[in-house]
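Asks: Residue numbers (the UniProt record's numbering): 1 to 304.
No incorrect hints appear here.
Pairs of lysine-lysine residues, derived as DSSO-like cross-links and limited to a Cα-Cα distance of at most 30 Å, are as follows:
(1) K70 x K94
(2) K10 x K63
(3) K65 x K18
Restraint ranges, calculated between C-beta atoms of paired labels, are given here:
(4) D156 x Q236: 35 to 43 Å
(5) E261 x G200: 55 to 63 Å
(6) G69 x K10: 22 to 30 Å
(7) K10 x R120: 24 to 32 Å
Treat the hints as calculated values from the structure; they're not laboratory data.
Note that this is a predicted model, so its numbers are computed, not measured.
C-beta atoms are modelled at their ideal positions from N, C-alpha and C, and glycine is treated no differently.
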Amino acid sequence: MGIVIRLHCKIWQKFFSKLPEETKNGIFRDLEMWYCWDQTPQTDKEMLQHMTAMHKGWRGMLKSKHYKGKTFEDNVASIPSGVDPSDWRTMCQKWNSREEQDIAERNRQNRTHQNMTYQRGHTSIYQSKDDFVKTHQREPDRMEVFRMGRCKDLPDGTQRWVDDESRDRFERMTQMTTPSLQSDDATLDSAEDAFVVVMGRDKPGRVRCAGKAETLRIWYGRGESSSGGYHTQVQQLQQQLQDQNKKMEELCVERSTDRRELQDLCAERSRDRQELQDLCAERSRDRQELENMRTQMAEMRAFM
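Can you make the complete structure from the sequences, with help from the hints?
Replies: Shown next, in the form of structure tokens:
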């Protein structure tokens with residue numbers, strides 16, 4: 001999906017919902033070559049929201065690796081792989097403008113007041129969930145996703161949380177889902193119920209610890225028929241995306257191997273060509289020496 005987005009949009013594109021209809025149709029047309037989904041106005045809107053988040057994450061990664069901590073000249077020269085140099089220069093100029101710098105500084109100040117922040121770096125929630133499934137052979141609940149993003153298991157067996165607030169909330173969730181020794185008949189809350197009680201109801205536009213692709217309508221559903229259907233559909237799209245990313249990585253490795261083999265073959269042919277040229281030069285010298293010998297013998301014969 002990320003490759004399709006970059007084919008149709010510039011780095012600085014922020015809101016995909018504001019793209020021209022022709023561009024949107026081109027994106028969906030290319031995505032249909034890789035994915036299958038029920039295309040409706042609502043799913044189109046949700047996919048555009050997801051693509052906006054993906055593009056923003058990719059742009060942030062480029063800024064972190066190739067822009068921050070450098071002079072403007074070094075920024076322009078540090079062109080990321082697969083990015084058009086002129087587009088990269090324009091993006092650097094935008095980041096270097098006073099307006100963008102003020103926005104970045106305001107965001108930095110806002111981040112200093114945040115708590116319970118996600119601490120897995122560029123490892124997305126989807127990748128963390130995928131790793132969990134490979135290890136435990138089941139999908140993680142939101143309690144487990146919350147812990148994965150905010151707690152690290154250290155080699156000595158201890159845990160390191162990002163802050164006390166995260167640890168306290170997880171302990172409250174655990175208490176609500178763990179049988180009490182004092183009360184045998186107490187009704188236990190499910191992990192999902194405990195998460196909602198401790199963290200609060202999800203706000204419009206986001207579902208905590210579920211990933212950027214999830215919306216309230218998809219996660220909770222509207223009525224009896226939509227809950228499972230939309231949730232299953234999103235999971236299928238996510239699985240298709242992971243499969244396609246894996247295939248593309250394998251294809252890149254295969255292409256890299258083919259490229260190295262071609263380079264080795266070209267080098268071998270170049271060596272053969274050089275050897276042939278050396279052999280021809282040697283034969284030419286031998287022929288010249290033979291001609292010289294014949295001339296000398298003819299002169300000696302005439303003299304005698």
